[in-house]
Amino acid sequence: MSLWLNIIGVGEMGVGELPAPLRELVNDAFTVIGPQRFLATIAPETSDVEVHPELVQQRSLEAVARALLYVDDEDITFVEEDLSRVLIEWRGGVDTMLGQILPLRGSPTVILATGDPMWFGIGATLAKHLEPGEFAIHTHPGAFQLAAARLRWPLQHLATISLHGRPVEAIQPHILPGNRILALTSDATTLDRVADILANRGYGQSILTTLENLGGVEEKITASTAEGVDAKAIGDFYVLAIDCVADRDAALLPPVVGLPDEAFVSDGQLTKREVRAA
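The numbering used here applies: residue 1 is where the sequence shown begins, and numbers increase by one.
Warning: the hint list may mix true and false statements.
[Unchecked claim] Below, in silico cross-link-like pairs of lysine to aspartate or glutamate (DMTMM-like), each with a Cα-Cα straight-line distance of 20 Å or less:
(1) K232 - E212
(2) K272 - D261
(3) K220 - D192
(4) K232 - D247
(5) K220 - D261
(6) K220 - D243
(7) K232 - D192
(8) K232 - D187
(9) K232 - D249
(10) K232 - D261
(11) K128 - D116
[Claimed, not checked] Simulated restraints on C-beta separations:
(12) H129 - T222: 26 to 34 Å
(13) T96 - I207: 34 to 42 Å
(14) P35 - R166: 43 to 51 Å
Don't read these hints as lab results, they were simulated from the structure.
Predicted model only: the values in this text are computed from it and were never measured.
Virtual Cβ for every residue (Gly too), placed ideally from N, Cα, C.
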């Protein structure tokens, strides 16, 4: 199948900051899918790229067909329906997202994604379901790249992890003296939960930095120790940076299998350490 899907990485400033060739892809698409905050930045009156005239009639028919396809689907939120295209808001969950995208196969479609779509993004997910010739990736500096630049931390020396929609306990193996971690987050509660883990591990003096709305006009960077965080002061869109500082009596747990028995909470019933390490 030929190319029908363009996955475009977008920064905090929205579609308007994209170069003209990428804005042209957005304008020519029959369907555009993305988070509402990006769809809201698609403003025809501010666009300086030309929609190909030969596509107008075909796009009108295709937009109607797309609307009919989703008319009874409760998981779909239409942001805009007109004679030129359909704008559809993302809904959470991989299965729901795939259900939004795969029925559009063969129709010119654009997905607006945050940052680099191939770094913990929708591009990496769709690559498992589509042939390489069906889609193209147009990347944008991702959250980790922007955060590392703001902090002057060499990205190649950092531990990077996604806690978005994942258990925060996944950060445990990365908590080591002197280690630096960048983590994608779910919402404001991620900060409190990570801070609790650090304090319980004896890393209460670790420096936690929240980098909100990176690349946008409301960009904000706040730092505190794990013992002194205030999650009420931050929003839901941020990268969490952790500079691990161990207390003198902190238990130093290796990031490998075979942890000592005392590292586990149990009723005394434990598989032998040698077996756990196998």
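How the hints compare with the structure:
1. K232 - E212: Judged against 20 Å, a Cα distance of about 13 Å means the pair holds.
2. K272 - D261: holds (8 Å)
3. K220 - D192: holds (18 Å)
4. K232 - D247: Violated, at roughly 26 Å.
5. K220 - D261: The given pair, whose Cα atoms are some 42 Å apart, is violated under the 20 Å limit.
6. K220 - D243: holds (18 Å)
7. K232 - D192: holds (9 Å)
8. K232 - D187: Holds, at roughly 11 Å.
9. K232 - D249: violated (30 Å)
10. K232 - D261: violated (36 Å)
11. K128 - D116: Answer holds: K128 to D116 is near 17 Å, not above 20 Å.
12. H129 - T222: 26 to 34 Å: Check failed, 38 Å falls outside 26 to 34 Å.
13. T96 - I207: 34 to 42 Å: At 37 Å between Cβs, range holds.
14. P35 - R166: 43 to 51 Å: At 19 Å between Cβs, range violated.
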